[in-house]
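Student: Take a look at the letters that make up each chain.
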Amino acid sequence: MMRKPPASQMSLTELLGLSKLTPASYLEAARQIQAGALDGLKALRVALLATFTADPLQPYLVVESAVRGLLVKPYLAPFNQVEQQVFDRASGLYAFRPDVIAIATRLEEIAPRLLERFLALSSQEIEEELDRIEGRVQRLLEGLRQSSLAPVLVFNYAAPAWLVAGVGDASLACSQLSVVQRVNDRLATSCTQFNNVAVFDYARLVGEYGLRRWSDPKLWYLARIPFGAEAQRDVGRALARHLRATCFPPCKCLVLDVDHTLWGGVLAEDGLQGIALGEDYPGNVFKEFQRRVLSLRDRGILLAIASKNNEAEVLEALQHHRDSLLKPEHFAAMQIHWQDKAVSLRAIASALNISTDALAFFDDSPVERAWVRSQMPEVTVIDVPESPLGFVQALEGSGAFDQLFLSPEDRQRAQWYHGDQARKRLQTAHPSLETFLEELEMTVTIGEVSGDTLPRVAQLVAKTNQFNLTTRRHTAAHLESMLDAGAVGLWIRVRDRFGDHGLVGVTMAVSQGTDQWTIDTFLLSCRVIGRRIETALLSALANAVRIRGGKTLVGEYLPTPKNAPAEAFYPIHGFEPLETSGRRWVWDFAAKGTIPMPSLVQVESTAEVVAT
Amino acid sequence: MTTQAVTQRIHRVVAHVFGVPLNSISDDSNPDTIPMWDSLSHINLILALEAEFGVSLTPEDTMDMVSVRLIRIILSERGVVEVPQDA
Amino acid sequence: MPEATSHALTPVWTVGQTSRTRCTIDAEMIERFADFSGDDNPLHVDAGEAQAYGYRRPIAHGAILTALVSKAIGTELPGPGAVWMGQSIEWVRPVFVGDTVELTVTVKRVSAGAGVGFLDLVATNQEGHVVMQGETRVKLAQRVAEQRQVGLATGRVALVTGGSGGIGSAIVKRLSSTGLRVAIGYRKSQEAAERAAEAVRSAGGTAETFETDLDEPQAASALVERVLHTFGRVDVVVHCATPPIPLGHVRDGLRYQDFESLFNVYVGGTLALVQAAVPGMAERKFGRLIFFGTAAMGGAPPAKWAAYLTAKHALWGLVKCLAVELGPFGITSNMVSPGMTVTALTAEVPARVRELEAATNPMRRLATPQDTAGVVAFLMSEAAGYMNGANIPVTGGAMVVGRGIN
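Protein chains in written order, with the working numbering: chain A, 84 to 695; chain B, 77 to 163; chain C, 288 to 693.
The reader is advised that the hints may include incorrect statements.
[To be verified] Some chain C residues close to chain B (C-beta under 8 Å, calculated; not the full set):
# : residue
1 : R344
2 : R639
3 : E642
4 : L643
Bear in mind the hints are in silico, worked out from the structure with no lab data behind them. Every residue gets a Cβ at the ideal spot worked out from N, C-alpha and C, and that includes glycine.
Please build the complete structure, drawing on both the sequences and the hints.
Tutor: If you want it as structure tokens, here you go:
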């Protein structure tokens, strides 16, 4: 499997020995790249369909993609032939077998009425235009998906260069700007309805660069090219970042230095009082950087520290400096010692159980950066400028964390990793299991399986392999019918000192109409095995069965290649063997009474399941 | 600091934009002698010249730059002239 | 035998032109004619019979006299190419065997357009008595693809007005290299004119300079007179002179006076030059008149050229008329219209405009004076002998060029 090339902004000088980033040098560089001057690039066939002249983008796209590890082979559809290329299965687009397809249209071409004639439109007509545009986009995407599974990037629409109502636009009941925004909102929604279709935020790009300077009038009037030279470069660059994001996952962890990165100055020399971090210059620059780093965490990026420093001092600074927004608990891993940074990076990757090519390295020292680049070329070394004024831009502009689709799980990831690390630390610190479990301060919630918990229950039933006694893959529908027929279904949820594990265990017991109940399903997420959680669930199940008049409870173990950890579950809990095969066990309530709830576990139940 | 002669710089830009050897460019070079020089790559040339010399070219300039000699003449109208060498 | 008045060139009819032939009609001639014609009327061949009819001696067939007319017309007047159309003849007295007859053929009238001559005939015998008289009508047929000996007869003279200018001096040089003696007309640029003349002389040719301002009323005819005085003839006129050209928009800036000097030189000058030079040319049945137009006569004219272009168009009208009027005299009249040429005149044009013209011209360059001189020299040659009333563009293929790339 090809190692992901680093997303660092290698300078073109390094890449091809060219001295200036001019249009001419981009052309020359693109030529060399396409002739094979660089190896180790991942080939990518990219098709671009546009309603304007997009050809000048090519050299920028090729060069910026190469810098990001991609060898782009572009296909530019003939001018303004978007529908023709999409709906004709024999078109050049499909013959090209693209790996990624980009669709670029502009309001000027597809909905000119919304521009110059905006004020002449009734609100009814505006809605019709919006519907028409939406319909057109949807049909295009449907058409594409019929013939290609390639990821699609759809350009959205920049704000108009001139507002018809001029300065009065914002006061309109229905302003022109808001209509364009609605077009973009609908476009984004349309994209979510298809698999692997993302918005290419052209509007944002134009806004960042500046609407006034975006176009070069002579290029438009002479050749229908809607952007000037620098804008072309920006579009090429942004497209390259998107392309990279379709091929490679983002970095999972940002590893930061601390001195002159999270604060100004050197902690070991200046001390806690001497470092620059606060509301005044230059401290506010670093505080802002911390703010940005923290927001990355919300996106699901893990934070780590690799610093040649005294660990206690660093922890103290983070914990106790009143302007430090970053606290120790924000970091999923720390390597603070005097060994070299490559060692640190490897240790961090190992501790977080991720590959080193998922690391992004932010260090103000060019020496350290060069060292890491040489030792670990798979790490994304961010190009940090000399002045901290440029740190935020360097972080944002690196593209290391570019991800086209963000899921809620991603956003939670940082939280979860953090909790897990803390648990691991605790585990190593407390050899006695009992004490460990005590220190965990576990609280469980047990409830009956019903409508709102059913999806998660069904997911566990479908996914759980290791601690799964019978590995019966009941569907949600089947589970429902079992419950309707009188089965008992319970779930268990666990919280501890470090976080909420969520719903982690499920059990189902059925009676054959007699007073003998059989445990049809018993499973637990492997994350929480060995903490008596399973005992709690079993205890609650036994009680539920007894309340319903059960006299005996039979447990089955159906062995699979993966569920060996569950083999001894019933005997450990005192069940008697029912037969010699070791597959069936029984608990006789008359003989043995209840199955006790473990004392280490605090139960908050939502059903009458606890033994009274 | 040595400034490369304007003519040399023009030739270099032309060579880079069209991907032809530097020593094949002369004042007479034009779309007849350089096959890659078509209306689309002409736009690349204009942008490259603007970037190289820090000038802004008008649509008329764009249409008139149909030979290397004309490029030189029009650039000099925009203030880009050969700096005389010291004696 | 009377001297044939024909030159090496095509014979010319002039009223009063005569041809005389003398011939003795002997018995052998009469016998041969009787044999040939079958007319053995004894009157002609038998002395006895003749006497029986009252004639002293046998008389010659009347047709023999007409044969003499045939010979005179066919070989002398007009000579080769003559076609006998019709005649009326009276035999006044008999011609006896042994008589000597003298036939005089005189051109009475010529219809130049039709190429037909009316000739008087008188034949007298040795006693001076008229034996035959009459008149005859003869047409002169033209040889198909007649090779006329135009071109490099030495001694021919070309008058080049404006011969000191860029194009003019190139023409001077080129014409003299074909063997023509050149008269160089100039207005103010005496040095340039002298230089052009010197260049001709040092190449072994003959050239003289003549100062003149063709804007002045009598200047053109005076010029031709002086040239005739110096060289004895003018065979070629290349009217290259131009006054200063006023530029301006019709709606503001132009007055009729601006048109006037252009008209004076181009149209008036042509008129006077032609009137002075053509008689000699017509006499020799050879002339070449070359005038200058401009490529701007085709397509959309450039701004501010209204006066210039109007005058050139006027001249073009005149050239066409000259072509028709003078053609019968062996004089061709043509116009040459060059595009933008590299000369002192165009040195004032901004480099960018000149370069753009050159770059967008199909030949990828501006015209040089030599390009135009070459065409003028062609018009001198045999190969251009049938070219008359043409306006020849020397523009590299462009008229008024559009802008843009590819």
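Student: For each hint, tell me whether it holds in the structure or not.
Tutor: Status of each hint after checking the structure:
1. R344: Violated - the Cβ of R344 (chain C) stays beyond 8 Å from chain B, reaching only about 93 Å at its closest.
2. R639: holds (5 Å)
3. E642: holds (5 Å)
4. L643: holds (5 Å)
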